[in-house]
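Asks: Here's the letter readout for the chains.
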Amino acid sequence: MKTKFSVEIGKLKLNNPVLAASGTLGYAEEFKDFLELKKIGAIVTKTLTLKPRQGNPTPRTCETPAGMLNSIGLENPGLGIFLQDKLPFLKKIGIPIIMSIASEEESAEFLELVNRINLIKEVAAVELNISCPNVPGKTGLISQDPEATYKTVKEVRKITDKVLITKLSPNVTSISEIAKSAEKAGSDAVSLVNTLGGMSVDIERRRPKIAAGIAGLSGPAIRPVAVRMVWEVFNKVKIPIIGMGGIMDVSSALEFIIAGATAVSIGTANFINPGVCAEIIADLKNYLIKNKINDIRKLTGSLKI
Amino acid sequence: MKNFQWKAKILAQTKIKDNYWRCELRAPCVAKNALPGQFINIRVNTNLDPLLRRPLSIHGVSATKIKIFYAVVGKATEILARKKSGESLDIIGPLGTGFDYAACSLQPAAPLLVAGGMGVAPLIFLAEKLAQAKSQKPKAKTTVLIGAKTKERLLCAQEFKRLGCDVKIATDDGSSGFKGRVSDLLKCFLLASGLRPQIIYACGPKLMLKAVTNISNACGISAQLSLEEHMSCGIGACLGCVVRTKNGLKRVCKEGPVFLAKDLIW
Numbered sequence: 001m002k003t004k005f006s007v008e009i010g011k012l013k014l015n016n017p018v019l020a021a022s023g024t025l026g027y028a029e030e031f032k033d034f035l036e037l038k039k040i041g042a043i044v045t046k047t048l049t050l051k052p053r054q055g056n057p058t059p060r061t062c063e064t065p066a067g068m069l070n071s072i073g074l075e076n077p078g079l080g081i082f083l084q085d086k087l088p089f090l091k092k093i094g095i096p097i098i099m100s101i102a103s104e105e106e107s108a109e110f111l112e113l114v115n116r117i118n119l120i121k122e123v124a125a126v127e128l129n130i131s132c133p134n135v136p137g138k139t140g141l142i143s144q145d146p147e148a149t150y151k152t153v154k155e156v157r158k159i160t161d162k163v164l165i166t167k168l169s170p171n172v173t174s175i176s177e178i179a180k181s182a183e184k185a186g187s188d189a190v191s192l193v194n195t196l197g198g199m200s201v202d203i204e205r206r207r208p209k210i211a212a213g214i215a216g217l218s219g220p221a222i223r224p225v226a227v228r229m230v231w232e233v234f235n236k237v238k239i240p241i242i243g244m245g246g247i248m249d250v251s252s253a254l255e256f257i258i259a260g261a262t263a264v265s266i267g268t269a270n271f272i273n274p275g276v277c278a279e280i281i282a283d284l285k286n287y288l289i290k291n292k293i294n295d296i297r298k299l300t301g302s303l304k305i
Numbered sequence: 306m307k308n309f310q311w312k313a314k315i316l317a318q319t320k321i322k323d324n325y326w327r328c329e330l331r332a333p334c335v336a337k338n339a340l341p342g343q344f345i346n347i348r349v350n351t352n353l354d355p356l357l358r359r360p361l362s363i364h365g366v367s368a369t370k371i372k373i374f375y376a377v378v379g380k381a382t383e384i385l386a387r388k389k390s391g392e393s394l395d396i397i398g399p400l401g402t403g404f405d406y407a408a409c410s411l412q413p414a415a416p417l418l419v420a421g422g423m424g425v426a427p428l429i430f431l432a433e434k435l436a437q438a439k440s441q442k443p444k445a446k447t448t449v450l451i452g453a454k455t456k457e458r459l460l461c462a463q464e465f466k467r468l469g470c471d472v473k474i475a476t477d478d479g480s481s482g483f484k485g486r487v488s489d490l491l492k493c494f495l496l497a498s499g500l501r502p503q504i505i506y507a508c509g510p511k512l513m514l515k516a517v518t519n520i521s522n523a524c525g526i527s528a529q530l531s532l533e534e535h536m537s538c539g540i541g542a543c544l545g546c547v548v549r550t551k552n553g554l555k556r557v558c559k560e561g562p563v564f565l566a567k568d569l570i571w
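First to last, the protein sequences are chains A and B. Start counting the first sequence at 1; every next residue gets the next number (this note's numbering). Start counting the second sequence at 306; every next residue gets the next number (this note's numbering).
Since the hints were made in silico from the structure, they are not lab data. Check the hints yourself; a few may be wrong.
In silico BS3-like pairs for lysine-lysine, Cα to Cα no more than 27 Å straight-line [claimed, not checked]:
(1) B/551 / B/484
(2) A/92 / B/555
(3) B/567 / A/39
(4) A/2 / A/86
(5) A/32 / B/307
(6) B/454 / B/555
(7) B/312 / A/209
(8) A/236 / A/180
(9) B/337 / A/92
(10) B/337 / B/389
(11) A/39 / B/389
(12) A/298 / A/11
(13) A/13 / A/209
(14) A/285 / B/307
(15) A/209 / B/380
(16) B/511 / B/307
(17) B/446 / B/388
(18) B/389 / B/484
(19) A/91 / B/307
(20) A/209 / B/454
(21) B/320 / B/388
(22) A/298 / A/13
(23) A/38 / B/307
(24) B/389 / A/91
(25) A/209 / B/307
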């Protein structure tokens, strides 16, 4: 029996449904000694902005029960340096590159970024990070407002033929409403979830453990929340879902797929086990063979309720 | 693809005193390639809490073995201390950029090592390497200044002596050696001895390293400092452990943990 393992995110075909999540694989070079990068379905870059960003003060991360908080604040070298120093290595890997981008002021920066990314044929898709919780001075996120989400995605959609993925925040009352806005505006897929707002306190100093105070929680601690949200969104939209939130192994990846994800992203687990993406891909194949499933796509949303 | 992730068998696990432990691991590739100042990143178990690895500096190497020296300070190190000989640890390493000691062995003046508290851990490994390099040049005797809160918490003084170092001690309460901070001892030592070591190598708490930076900058002595930071990945991906330098933000886990004092912005 031949097992079909590839999936489609819009017109983007992935050899397998396992992605490395934004910000957790650096720009991939850091991981070249730990796994064969070309085995990964696609790599989502650390979020880029037009200009370099210093990010937030330290401490920026801390461990929490079964999870971690981070407030990196989108530190990145800016698009120009990325194209010059980081993209050549990514291109050589030969798997789809998904560029995660963020914008400081509404959509103007997104449009300029996308206009430039349009010219890079090796970039397969753009992920709009409208859900980073760690940008100082921001009160709300685009992805917390259905109209702002619609407007931003629509404007970007107008100027690009690249596959467009919208990354959603779990810090909302109804994530499926936001997902519907992204779909209506022409997003090819949604990825969820970004980190969950959290805080940890140093009781001796009575200060937050993270310098910025509030940070984003990731890791297994948020997995049930993320799986629930994938299921909710799956029932409301037709576009593919890239599911993520504390995936550590094949069984946690399968939870997301069964709940409705077409593909999954591995995040925090890369920090603990840098070869984990390749392990999950191999284990996922074995699961399909063992359960006589000839196409991974049959599993998506196969939850019985 | 090179490999950096290993199953390392625990060969010995020794309680030194109080909450201080020394652990010996079988890790041939790490032993072969490790440089003083580099670290390994340890996963103490496969449970989800503690979730992240713990970076511990390499304390020494011999043939196929490496040593780590640690204090039990939290959940992960408690689990580590309960591990017995024969058990295995999932380790990644050697990681990071270590001390540059090649230049030092060419210098006529002896190097100076400054350790505060657990800062002795990587400096023992460095002293070993310096002793090996020195065997061709017996005149230069390495001086080590060790600081601790009290006499009871003084670490590795005998080990440094065994490596042929001249050891000077500072304790906060004066229960052994100089009364005061090790950075104050450094100041006095430079004044009293009139020596101008070519290089200072230091590891210890942030405030101590900051003081060493000020002293070394003032005296025009080059200093290499090994910084300690909480790390989430240890391999340069998460950008959690960055420090400010004159050349922009640098990752303690990748461009560090050893930095030139003159480059750091405190």
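Asks: For each hint, tell me whether it holds in the structure or not.
Replies: How the hints compare with the structure:
1. B/551 / B/484: 34 Å, violated
2. A/92 / B/555: Holds, at roughly 25 Å.
3. B/567 / A/39: Violated, at roughly 42 Å.
4. A/2 / A/86: 37 Å, violated
5. A/32 / B/307: 8 Å, holds
6. B/454 / B/555: Roughly 31 Å separates the two Cα atoms, so the pair is violated.
7. B/312 / A/209: Distance of about 32 Å is beyond 27 Å: violated.
8. A/236 / A/180: 7 Å, holds
9. B/337 / A/92: Since the Cα atoms of residue 337 of chain B and residue 92 of chain A sit roughly 30 Å apart, the hinted pair is violated (cutoff 27 Å).
10. B/337 / B/389: Distance ~24 Å between residue 337 of chain B and residue 389 of chain B Cα, so the pair holds.
11. A/39 / B/389: 37 Å, violated
12. A/298 / A/11: Holds - the C-alpha atoms of residue 11 of chain A and residue 298 of chain A are around 19 Å apart, at most 27 Å.
13. A/13 / A/209: Violated: residue 13 of chain A and residue 209 of chain A sit about 41 Å apart, past 27 Å.
14. A/285 / B/307: 25 Å, holds
15. A/209 / B/380: 17 Å, holds
16. B/511 / B/307: 33 Å, violated
17. B/446 / B/388: Status violated; Cα separation ~38 Å.
18. B/389 / B/484: 38 Å, violated
19. A/91 / B/307: Given pair residue 91 of chain A, residue 307 of chain B holds - Cα atoms ~20 Å apart, limit 27 Å.
20. A/209 / B/454: With Cα atoms ~25 Å apart, residue 209 of chain A and residue 454 of chain B stay inside 27 Å; holds.
21. B/320 / B/388: Given that 27 Å is the threshold and the Cα spacing comes to 12 Å, the pair holds.
22. A/298 / A/13: Holds - the C-alpha atoms of residue 13 of chain A and residue 298 of chain A are around 16 Å apart, at most 27 Å.
23. A/38 / B/307: Holds. Residue 38 of chain A to residue 307 of chain B sits at ~15 Å (cutoff 27 Å).
24. B/389 / A/91: 46 Å, violated
25. A/209 / B/307: Not OK: residue 209 of chain A and residue 307 of chain B at ~35 Å, beyond 27 Å, violated.
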